[in-house]
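All chains should be modelled from the sequences, with the hints used to inform the complete structure.
Chains as they are written, first to last, in our numbering: chain A, 1 to 201; chain B, 1001 to 1106.
Don't read these hints as lab results, they were simulated from the structure.
Each residue gets a CB set at the ideal place from its N, CA and C atoms; glycine is no exception.
Accuracy of the hints is not assured; some may be wrong.
Computed from the model, here is a short list of chain B residues facing chain A with C-beta under 8 Å [as the list claims (entries may be wrong)]:
| # | residue |
| --- | --- |
| 1 | L1060 |
| 2 | Q1067 |
| 3 | I1070 |
| 4 | G1071 |
| 5 | R1075 |
| 6 | F1078 |
| 7 | V1081 |
| 8 | V1082 |
| 9 | F1090 |
| 10 | I1093 |
| 11 | H1097 |
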Amino acid sequence: MNSAPETRPSRSGSDDEGFKRELVQLIPHLRAFARTLCGDPAAADDLAQDAMMKAWDARASFQMGTNMKAWTFMILRNQFYSEKRRSWRQSQLDQEAAERTLVAVDDPEAPVALDELRQGLAMLPAEQREALILVGAGGFAYEEAAEICNCAVGTVKSRVSRARRALHAILEDGSYDRDGASAGDAMRAILADAERLSTVR
Amino acid sequence: MFPIGRVFRILRSANWNLQRSPALNNDEDAIRGRPPRKRHADSMIENMPAPDSRKPSAALDEARLRQQAIGVRLRQMFDEVVNEEVPDEFLEILRRHDSKTAENGG
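Here it is, written out as structure tokens:
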């Protein structure tokens, strides 16, 4: 059926096509995850591209039908941390770029200002931040997040839980705030809104 | 400043993000004072200690609500990037790399 030497006898061209289609659909998610790790959008896209190519090169080791999103996120995360290990100085520069980005994204036209959340996230330890993002924003189950982060499920659960508490404390404390208003007031306003909503029905 | 009204408009808007609709439905229930139907992995209340032991259920509702507001924003921050148009660069790189490996393999 195929005259070419078969280096991967179990894979066919249609497998590759299917893999590629799925990989292309995951690009937006890889970019989003990379952005949360890098902060700087250009560095994040470089990371996402590297992860995409690594996933493509490793496609023979991927079992079709299993969770490709989790698999590619794991590749991206490994890539990020191996790059960080290679150059500590580079990661410090990344941090500076991330801080500049936090200021740069202050867009009054954004549908909802997210600055305080970004700044709050930046204050969390890296392992708590990534666990919270995978479960709270990426839509992964604890089990999948554990696989991506190469740790126990219980570890992910406790990291997510600690991250939620810490983020809540940071936001309520208002240490992120820059316009003089108290974030504690903002949280009280949320509760007032909720009370009103529950009586309106 | 916390744009409270907008956060709540998002919480109430069931079609804000179709993929998230189950979680948002739970959020809506909590806002309206109903008990949550199902513990989702996204549930932002998990393991939250009740800050006020005198009124455990009210304190729990408060904590849940606060975590939900944060949860909505967290997903929004992520989805903001997901919904960006993917730079052409990505597909070009994949196409270039693809033809290169095809030459090697064939």
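Handout entry: Restraint outcome when B:G1071 is required to lie within 8 Å of chain A by C-beta distance
Key = holds (6 Å)
Exercise for the section: Would you check whether B:L1060 satisfies its interface hint, that is, whether its CB is within less than 8 Å of any CB in chain A? Expected result: Violated: closest Cβ of chain A sits about 13 Å from B:L1060, beyond 8 Å.
Exercise for the section: Against chain A, run the beta carbon of B:F1078 and see if the smallest gap drops under 8 Å. Expected result: holds (4 Å)
Problem - Minimum beta-carbon distance criterion (8 Å), B:R1075 to chain A - result: holds (5 Å)
Practice task
Using 8 Å as the Cβ threshold, decide whether B:I1093 counts as touching chain A.
Solution key: holds (6 Å)
Practice task
Mind checking the CB of B:V1082 against every CB in chain A and telling me if the closest is under 8 Å?
Solution key: Status holds, d = 4 Å.
Handout entry: Per-residue hint verdict: B:Q1067, partner chain A, C-beta under 8 Å
Key = holds (6 Å)
Problem - B:F1090 as an interface hint toward chain A, with CB separation required under 8 Å - result: holds (5 Å)
Practice task
Would you check whether B:V1081 satisfies its interface hint, that is, whether its CB is within less than 8 Å of any CB in chain A?
Solution key: holds (4 Å)
Handout entry: Minimum beta-carbon distance criterion (8 Å), B:I1070 to chain A
Key = Interface hint status for B:I1070: holds (6 Å vs cutoff 8 Å).
Exercise for the section: Mind checking the CB of B:H1097 against every CB in chain A and telling me if the closest is under 8 Å? Expected result: Holds, because the Cβ-Cβ distance from B:H1097 to chain A comes to roughly 6 Å (cut-off 8 Å).
Checked against the numbered hints above, the structure breaks only hint 1 and satisfies the rest.
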